[in-house]
Amino acid sequence: MFLILSISILLAGAAASALTARKPGLSSAIFNISLVLGCLAGFAAIMAGGLEQASAPGFIQAWSLPSASLSFSLDALSSFSLLIILGVCLAAGIYGEAYIKASRSLSRIKSIRPLFLLMTASLSVVVCAQNAILFLFAWELMALATFFLVIVEDEHPQVRRAGFLYFICTHTGTLALLVLFAILGRAAGTLDFAGIRAVMPPTDGLSALLLLLAFIGFGMKAGFAPLHIWLQEAHPACPSHVSAVMSGVVIKMGIYGFLRLIWLLRGVPDFWAIVLVLAGAVSGIGGVLFALGQHDLKRLLAYHSVENIGIIALGLGLGCLGLSHHRPELALLGFSGAILHTLNHALFKSLLFLGSGAFQHALGTRNIEAGGGLLKTMPWTSALSLLAAAAISGIPPFNGFVSEWLVYLASFSTATVGEGRLAAVSIGALALIGGLALACFTKAYGALCLGVPRTEAARTARDPKPAMLVPMAALAALCVFIGLWPGPVLRLVVEAAALVCGLPPETAALSLAGTVSGARLVGAIGAGVILTGAFLVFLRRLLVAGRLSSGATWGCGFTAPTARFQYTASSYAMPLTRVFSPILGFKTEASSPDGYWPADASFTSHSPDRVLDGFLHPLGSALVNLLARFKRRQSGRLQYHMLYVAIFLLLILGWKL
Amino acid sequence: METITLVLSYPIILLLAPPVMLGLITKTKALVAGRKGPPVLQPLYDTIKLLGKGAVYSSTTTWMFKLGPVVSLAAVFCASALAPLAGAPLISFNGDAILFAYLFALGRFVTVMAALDTGSSFEGMGASREVAFSSLAEPALILTFASLAYRSGGLCLAQMFAPHSGPSAAAGTILVLGTLFVVLLAENSRIPVDDPNTHLELTMIHEVMVLDHGGPDLAFILHGAGIKLVLMSALLVRLVLPEMPPAAALGSLLFGLGCVAVAIGLVESSMARVRMVRVPQLLVAAICAATFGLMLTLR
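Chains as they are written, first to last, in numbering that gives the first Met the number 0: chain Z, 0 to 656; chain W, 0 to 298.
It is worth saying that the hints were derived from the structure and are not from the lab. Please note: incorrect hints may appear among the correct ones.
Stated by the list, open to error - Covered stretches of chain Z, as calculated for chain W (at least 3 residues, CB under 8 Å):
1) 170 to 184
2) 435 to 445
3) 496 to 506
4) 509 to 521
5) 571 to 582
Even glycine gets a Cβ: it sits at the ideal position worked out from N, Cα and C.
Please put together the full structure from these sequences, using the hints given.
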């Protein structure tokens, strides 16, 4: 019941804040109250569902649409996803209020608050829907709400372009999902999820088609390479708190969709696993490589979403492998890794996007080369972003490591089902992703927050208001908490994974007991690192005994260094971008200084997206050129067009004869 | 008796072995070059001297710069609890091998961040090279771990590096030894990847990242690097040692560490470092060898 209350509060808040949009103060108050109350009611619903253990009876109401019903319920997977949605939306929404007020251009836009609440409500409905029509309805609502949030700053041409691209991609995906659910509904005779799951016949003949449709529909939303094309355009276009929700939650709906579909089908054939593992490896390595080539902070973070979706896809694929080979332990490990990484990525990526918003406001640009030394001028934002950067690099003692560790364990278990090649692909990919992610985040963080300020804006930057810092601190605290004490979260994750595998939660908990206690030890060793570090700090203080002095950084004998002497982010990434240049297609344009008194010299580098800029745009323009030839036939004269109609009719007549 | 040996083994391995190994490498190189060389314990004297000094910090730096040395040393200390040294490791569970590898990544992360904190061009250059090369060394290390894990049936360092018999294991072991040795040279900044004795900042990798550290901080960094060398060498040694009682195990481990140090010294005396642009090729070759070893085990 709390669930319906939560969704109603959010929807009512959306309507009320839209009606009062002319009075920003009132609209803001309504936004805050309905967001907080809605999220609290949602948390209460999750708690109530957890207490009853079995899936809550849910809420079912007839709906006038054919074969549709308004049926909501919270099983383990839904409640876990709802937890992610509400947690991130609450933090991002509170941050967003302060963020909007701090920006002159955003505070003039009235649609952000209602759309944000609408997005939160539709996301909640997506994960709680137990009927395909309701699911698709909510899915479409979510797509539209996010589309309008992407284009709020539509005075910039690149924002309109990104919005259009997102619109095309999301609707291509929805089209695939319509067909997918139509096929399922036809085979099962009902569109209720429980009904489909109960009577679904084995889909051996159809499963290739189902995978293709799911890959387009859910994979497009999640951002599996090569369908990720909208991510790196749309994430930088929207306001930062919306980017946080887009990257942290909206793309995870694709992962939720996959898990729900696997639950519906109760079993998947072998090749699903192969496709998902390969897609995961390609997305993971490709995402992090393209991230290395970026200078725009939000574009870099968007490519990292592709990378993390890749890690999640690896877990999903390994889980599918376990299902198809009837190895419940492997299935549980794979799905647990994927589900936990979904949560972890939601936490640290939304934290990074919220941080990027603060940096963007302070610097006036998203270019990381314009930063420098922000750890001194914006200590809190920088310190919190450091935690997120370490977590996303998959370093212990943070949460990112725990989920990557689970996916590693799943990969190693793969050998027991005789799929050595998949194991090698997934382990190699994970290791490479880990190393490259570390390189990429040291690059971005080093250029932005460390060293000497490179611009005047960086020198005068200040931390944002506490209303923006507190949500970030909460997300950071969760990252550290899960890293040090993964037990409680793992219990929820294992329950959700057990649901996907169709196992009772007790059996699942028993079969993963060893892994969970291993995860506790991982957390304990993380705590050990912190304690040892603290001891060493104490030891150093004793040894130094106050003999502290300050000097300038060693400049190899040069005594008047400037900020421009620092290593730039581009040069930092150069060794790696050069090694991987066949994949990246890294482009540089340089005009070197010449003559005795060189005047101008410049150097720019950029790495365009391989799929979008390297394939789809040329393909699109080739198609347009081809079709332009037919344009000549379109003279606009009525006589000609009537002639065409007549010829066409004659042709049909001839064919019929 | 066994417990006493085990308890005694940790201070010896973690406090004494690192400087002695570094000293042995230097001594070997000196002897090969026909010089007398500094005493074997010279690195230990250096560390003690550094610990007695005060600290100088650049005015550019923040707490990040001070965090680097302590966290990197703490990370290798905790990694040593997972590694099988003279006996069974202190803490052992399925999946500890991954944690072991990632604790080194934690050390690298903070060292690189501390280097970037100085705002020095040279330290940025070193950090850039360090992350580039280590992101290629990491797959080689983890794929090697994978093939050992499949052979022993568990992703647990104690099992993976336990003695393993059978002729089919020999080919795999040789590949693993080769890959691990290359990774060891790369991760511990030895020739042919990096030259610890170079005097030109432009050509350094690891050394240049710690240019601005001094006093106890530098001592922490040097000792941490030494422990990392000892831990990775100990894994190599454990791979070829048979099962034996703790006292003998400690003795043979220390002897083995000495042999690895001499081997590193001989490698450093016999070849020059490769050009920077060639280093990725060397590491990719190591990745290929590791993948081949994995395939051999999985067959």
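Hint-by-hint comparison with the structure:
no.: 1; hint: 170 to 184; result: violated (count 0)
no.: 2; hint: 435 to 445; result: holds (count 7)
no.: 3; hint: 496 to 506; result: violated (count 0)
no.: 4; hint: 509 to 521; result: holds (count 6)
no.: 5; hint: 571 to 582; result: holds (count 7)
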